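**Q** Turn these sequences into a full structure, and let the hints guide you.
Listed in order, the protein sequences are those of chains A and B.
Here the first sequence is numbered in numbering that gives the first Met the number 0, starting from 0 and rising by one per residue.
Here the second sequence is numbered in numbering that gives the first Met the number 0, starting from 0 and rising by one per residue.
Incorrect hints may have been included.
[Claimed, not checked] Each pair of labels, with its calculated beta carbon distance range:
1. B:0 to A:131: 17 to 25 Å
2. A:60 to B:66: 16 to 24 Å
3. B:70 to A:1: 28 to 36 Å
[Stated by the list, open to error] Coverage of chain B stretches by chain A, computed from C-beta distances (three or more under 8 Å per stretch; other residues unrestricted):
4. 3–17
5. 24–30
6. 39–52
7. 67–75
8. 78–86
Just so you know, these hints were derived from the structure itself, not from any lab.
Quick caveat, the model's predicted, so the values are computed rather than measured.
All C-beta atoms in this analysis are idealised placements derived from N, C-alpha and C, irrespective of residue type, glycine included.
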Amino acid sequence: MTVALIFIAVLMLGSAATAMVLRNLIHSALLLIASWAGVAAFYLWAGAEFVAFAQVLVYVGAISMVVLFAVLLTRQNLDDRQPAEPASRARALAAVLIGASVAGVITATVLSTSFKPSAAEAPNATVKQIGLDLMESHGATLLIVGVILTVALLGATVIAATDKKSDPEDAQ
Amino acid sequence: MTPLHLCLLLSTGLFCIGLTGALARSNTILVLLGIELMLNAANINFIAFWRYGPASASNDGLMFVLFGIAIAAAEAAVGLALIIAVYRHQKNIRLQEATRLKG
Chain A
0 MTVALIFIAV
10 LMLGSAATAM
20 VLRNLIHSAL
30 LLIASWAGVA
40 AFYLWAGAEF
50 VAFAQVLVYV
60 GAISMVVLFA
70 VLLTRQNLDD
80 RQPAEPASRA
90 RALAAVLIGA
100 SVAGVITATV
110 LSTSFKPSAA
120 EAPNATVKQI
130 GLDLMESHGA
140 TLLIVGVILT
150 VALLGATVIA
160 ATDKKSDPED
170 AQ
Chain B
0 MTPLHLCLLL
10 STGLFCIGLT
20 GALARSNTIL
30 VLLGIELMLN
40 AANINFIAFW
50 RYGPASASND
60 GLMFVLFGIA
70 IAAAEAAVGL
80 ALIIAVYRHQ
90 KNIRLQEATR
100 LKG
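**A** Dropping the structure here:
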């Protein structure tokens with residue numbers, strides 16, 4: 000049980016950390032997809048199968064494609080092989096310091112907290128129960144999330160759409 | 000060391016990797032992906048407390064993760080559309096160069 004969790008953690012954290020260090024953007028994106036798959040594996044490990052499949056569908060399936068399209072559409076010229084300038088190196092050092100201190104604070108807090116013992120068996124999370132919960136007690140939230148997704152996708156299309164006024168026949 | 004502690008430490012690691020990446024990298028896409036990693040760490044916490052937390056009888060943690068994944072998808076779509084719009088204007092997506100809106 001714990002061995003499986005450690006394996007998942009090494010996969011997830013290792014690929015995420017490598018992705019944040021690499022300079023090749025495509026490699027970073029692919030490693031982050033592996034990290035999201037590791038998060039889905041964690042959900043499976045914890046017994047939340049429905050959420051795991053939602054994670055695979057949304058992150059590994061959809062968001063990864065959007066990210067890869069964005070990487071390919073905003074491709075830089077291949078002359079960005081120059082070494083990092085001192086300002087960005089100083090910023091990276093400060094970011095690592097901040098990340099390490101935040102990690103230290105949270106880890107110390109978690110390790111010094113004793114939680115109440117959990118329930119012996121997993122909560123009832125069959126697909127039928129999840130559907131009933133979604134439709135009954137969280138019905139309004141489900142509708143609002145649908146509206147948010149519609150508005151966000153329409154807005155994303157509008158923002159990313161080509162400006163028609165730049166066409167010569169519209170400019171006259 | 001209960002399973003809850005292990006899950007919380009795992010999500011701490013993922014959150015801090017995302018935070019460091021979002022602060023350190025100058026490529027806008029990687030900053031957005033660091034924010035996505037932090038969102039995933041929050042979702043891991045919800046699942047951990049849903050499964051191993053005290054008195055976990057309801058499915059509210061599970062519901063919150065489902066809605067969080069939906070919001071993260073909307074956020075990624077809008078963020079990447081903004082990145083493409085900035086790239087069309089500036090031919091560049093480095094954060095240092097995107098100073099047109101700076102007050």
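**Q** Can you confirm whether chain A covers the region 3–17 of chain B, using C-beta to C-beta distances below 8 Å and requiring at least three such residues?
**A** holds (count 14)
**Q** How about the region 67–75 of chain B: do at least three of its residues have a C-beta closer than 8 Å to a C-beta of chain A?
**A** holds (count 8)
**Q** Mind checking the hinted window 17 to 25 Å against the Cβ distance between residue 0 (chain B) and residue 131 (chain A)?
**A** violated, 35 Å
**Q** Quick check: do three or more residues in the region 78–86 of chain B have a beta carbon closer than 8 Å to a beta carbon of chain A?
**A** holds (count 7)
**Q** Taking the Cβ atom of residue 70 (chain B) and the Cβ atom of residue 1 (chain A), is their distance within the range 28 to 36 Å?
**A** holds, 32 Å
**Q** Assuming the hint says 16 to 24 Å, is it satisfied by the Cβ distance from residue 60 (chain A) to residue 66 (chain B) or not?
**A** Given range 16 to 24 Å: holds, Cβ gap about 18 Å.
**Q** So is the region 39–52 of chain B in contact with chain A by the C-beta rule, three or more residues under 8 Å, or is the coverage claim wrong?
**A** This one holds; 9 residues, not fewer than the three required, reach chain A with a Cβ under 8 Å.
**Q** Three residues minimum, CB to CB under 8 Å: does the region 24–30 of chain B make the cut for coverage by chain A? Let me know.
**A** holds (count 5)
Going down the numbered hints, you'll see the structure goes against just number 1.
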